[in-house]
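Novice: Sequence order for the protein chains is A and B. First residue of the first sequence: 1, per my numbering; consecutive thereafter. First residue of the second sequence: 1001, per my numbering; consecutive thereafter.
Everything labelled a hint here was simulated from the structure, so no lab data went into it. Remember, predicted model here, so these are calculated numbers, not experimental data. The reader is advised that the hints may include incorrect statements.
Unchecked claim - Calculated pairs, EDC-like style, for lysine to aspartate or glutamate (alpha carbon to alpha carbon, straight line, at most 20 Å):
| hint | chain 1 | residue 1 | chain 2 | residue 2 |
| --- | --- | --- | --- | --- |
| 1 | B | Lys1044 | A | Asp94 |
| 2 | A | Lys101 | B | Glu1040 |
| 3 | B | Lys1044 | A | Asp27 |
| 4 | A | Lys68 | B | Glu1104 |
| 5 | A | Lys96 | B | Glu1068 |
| 6 | A | Lys101 | B | Glu1041 |
| 7 | A | Lys42 | B | Glu1040 |
| 8 | A | Lys42 | B | Asp1086 |
| 9 | A | Lys96 | B | Glu1104 |
| 10 | A | Lys68 | A | Glu56 |
| 11 | A | Lys1 | A | Asp27 |
| 12 | A | Lys42 | B | Glu1041 |
| 13 | B | Lys1044 | A | Asp95 |
| 14 | A | Lys101 | B | Asp1086 |
| 15 | A | Lys1 | B | Asp1056 |
| 16 | B | Lys1062 | B | Asp1086 |
| 17 | B | Lys1044 | A | Glu3 |
| 18 | B | Lys1044 | B | Glu1104 |
| 19 | A | Lys68 | A | Asp95 |
| 20 | A | Lys96 | B | Asp1056 |
| 21 | A | Lys96 | B | Glu1057 |
| 22 | B | Lys1044 | A | Asp39 |
| 23 | A | Lys1 | B | Glu1057 |
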Amino acid sequence: KQEVTQIPAALSVPEGENLVLNCSFTDSAIYNLQWFRQDPGKGLTSLLLIQSSQREQTSGRLNASLDKSSGRSTLYIAASQPGDSATYLCAVRDDKIIFGKGTRLHILP
Amino acid sequence: NAGVMQNPRHLVRRRGQEARLRCSPMKGHSHVYWYRQLPEEGLKFMVYLQKENIIDESGMPKERFSAEFPKEGPSILRIQQVVRGDSAAYFCASSPQPGGAYNEQFFGPGTRLTVL
Chain A
1 KQEVTQIPAA LSVPEGENLV LNCSFTDSAI YNLQWFRQDP GKGLTSLLLI
51 QSSQREQTSG RLNASLDKSS GRSTLYIAAS QPGDSATYLC AVRDDKIIFG
101 KGTRLHILP
Chain B
1001 NAGVMQNPRH LVRRRGQEAR LRCSPMKGHS HVYWYRQLPE EGLKFMVYLQ
1051 KENIIDESGM PKERFSAEFP KEGPSILRIQ QVVRGDSAAY FCASSPQPGG
1101 AYNEQFFGPG TRLTVL
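Could you put together the complete structure from these sequences and hints?
Specialist: Put into structure tokens, the structure is as follows:
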């Protein structure tokens, strides 16, 4: 049974710092891995989707990597801003989408 | 092209009442997925539907919950005789085709159900 774990559960960093969010999954037989952002009381915004054949994807200040063999992904956020404060969800796709519980990120002004 | 639409955005029900949540997929999408997010939990898959068919309902509670996606109109998630434990955010997603590596699901804003 696929399980997705995100560490840490919560993170506070000063504005301007670079940071890394971690995601691990137990079954490497996935189609893709996706990172989402969720603001309080809001829906999900897709940030990056990495296909199983890819190693990384980049969008602006965000870079996501995927290592299928070790069952790990990281989301790197460069030069963090207060507007980056949100919950970041990692999700893997096999037959279904399996979500982690998320990392609550707070960027301190 | 409007995104996935869900209504209502917020729904309050008393214990024992019925809750009906609606999801209109993106234009051209014929596959709908429902997820539930309990407080402090991740999103959990509930059910996957195509037009007029339930494809996978392995995540649906065995009682009180049902879903449909009629030929015309939105997909409906129905919860009968709600209990406090049903309080959660319910998200709908849609995709143009099923499964596969390149099939991305697009999520709606969710319906937040509160059971008093």
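Novice: Confirm or reject each hint.
Specialist: Hints, verified against the model:
no.: 1; hint: B:Lys1044 to A:Asp94; result: holds, 14 Å
no.: 2; hint: A:Lys101 to B:Glu1040; result: holds, 7 Å
no.: 3; hint: B:Lys1044 to A:Asp27; result: holds, 17 Å
no.: 4; hint: A:Lys68 to B:Glu1104; result: holds, 19 Å
no.: 5; hint: A:Lys96 to B:Glu1068; result: holds, 19 Å
no.: 6; hint: A:Lys101 to B:Glu1041; result: holds, 5 Å
no.: 7; hint: A:Lys42 to B:Glu1040; result: holds, 14 Å
no.: 8; hint: A:Lys42 to B:Asp1086; result: holds, 18 Å
no.: 9; hint: A:Lys96 to B:Glu1104; result: holds, 11 Å
no.: 10; hint: A:Lys68 to A:Glu56; result: holds, 11 Å
no.: 11; hint: A:Lys1 to A:Asp27; result: holds, 7 Å
no.: 12; hint: A:Lys42 to B:Glu1041; result: holds, 15 Å
no.: 13; hint: B:Lys1044 to A:Asp95; result: holds, 13 Å
no.: 14; hint: A:Lys101 to B:Asp1086; result: holds, 18 Å
no.: 15; hint: A:Lys1 to B:Asp1056; result: holds, 16 Å
no.: 16; hint: B:Lys1062 to B:Asp1086; result: holds, 13 Å
no.: 17; hint: B:Lys1044 to A:Glu3; result: holds, 11 Å
no.: 18; hint: B:Lys1044 to B:Glu1104; result: holds, 17 Å
no.: 19; hint: A:Lys68 to A:Asp95; result: holds, 16 Å
no.: 20; hint: A:Lys96 to B:Asp1056; result: holds, 10 Å
no.: 21; hint: A:Lys96 to B:Glu1057; result: holds, 11 Å
no.: 22; hint: B:Lys1044 to A:Asp39; result: holds, 18 Å
no.: 23; hint: A:Lys1 to B:Glu1057; result: holds, 17 Å
Hint compliance for this structure: no hint is broken.
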